[in-house]
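J.: All chains should be built: construct the whole structure from the sequences, respecting the hints.
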Amino acid sequence: MPRWRSGRVVAYAALQECIPYFPVYAVLFADTGLSTSEISTLFVIWSVTTLALEVPSGAWADVVSRRVLLVLAAGLYGGCFALWTLVPSYPAFAGGFVLWGLSSAITSGAYEAYVFDHLAARDELARYPGVIARGQSGGLVLNLAATVSAAPLIELGGFRAVGWASVAVCAALTLLALSLAPDAAPAIAPAEPSAGYLVVLRTGVSSSLGVPALRRAVLVAALLPGFLAFDEYFPLLAVELGARSSVIPVLIAITVAAQALGAAMASRVSQGALAPSVAGAGVAIAVGALAGESYGFVGIAVGYGLLQMAIVVAQIRLQHAITTSARATVTSVAGLLSELGAVVVYGAFAFGSQAAALSVLVAALAAMLTASAVLVHHWRGQPLGFATIRDL
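To convert, count from 1 in the sequence shown and add 1464; that's the working numbering.
If you are wondering where the hints come from, they were derived from the structure by calculation, not from laboratory data. Careful: at least some of the hints might be erroneous.
To be verified - Derived Cβ-Cβ restraints for the label pairs, each shown as a range: (1) Pro1555 - Ala1632: 37 to 43 Å; (2) Ala1835 - Ala1677: 21 to 27 Å; (3) Ser1553 - Leu1754: 31 to 37 Å.
Built from N, CA and C at the ideal position, the CB exists for glycine as well.
T.: Rendered as structure tokens:
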């Protein structure tokens, strides 16, 4: 893949995170009159949509053009924010999350497989960890920029200004997707070159669950992103901790900056650091959530940086563990399991918020993250022996 092409795929991953709505949409929902429980049901709708479509769309990406799917995903993404901006109400918020969930399901698996196959075609797989890490860290940097921009946009034109700025970013993302190179030949040739959708779907799912080394990689790659679900509540947590509306984007920006740093460091991390990073992330987030003041977001940021680093390492390991041509399907199986975890988190917050403060709920989930480090250590398996990430 020519370097200017890899730059475009990195930009595609990064630009998805440059959405000014991100730090304030929970506040928009609350300002519209929704309770924490009602907001949680929106998050459940979002995750259930992605959950239902994750694996089917992954198999779709193994039989049709992944580039076309990336274009479609960008358009659906913009549709979500346009709907929220035009008709701010519970039905519109729910419909927007359906569009966003569909977009996420289409992108998941298709993007990673698109990049992996292009690099494999050029015999440059050693660059894969760096490309993926740059995309994620770049996305978090743009997320930081979008987060910082939210406050002045609100001052200029309220939530409508934030909304239309988000739609404009998605329009740019769609144009960028249209400029991507056509799909490369699969890195691993399919056993049946003319295999249909159902054959590919069955192959990907059976490999994910039946091959021990791949199953371990799928489980780790699925477990960790599920814990990111509670960041949807960070704006509400900031309010609970006494932060002013104008300060909330800054607090969220601190966590995003830490995630960007963690993602950038992922390609230099040894396998032995994975489980300790997960354990440390949980401790830092719990301490920050229970601080009782807005400065607790410093601890949350440290934890999120460690968690993001671990997530990127796990995702890179997964791609190198895949030994079937149904690459996007396998990746989507991990995504499905992650979304299932997110649904559990949102459901727990919906019910738990009736009896406990958000800070307590966040700390409880962080404690579960720390405990999961034992599973991460158990599931990590044997080193895979690929370049760039030491000891993997």
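J.: To test your reading of the hints: which numbers does this structure violate?
T.: 1
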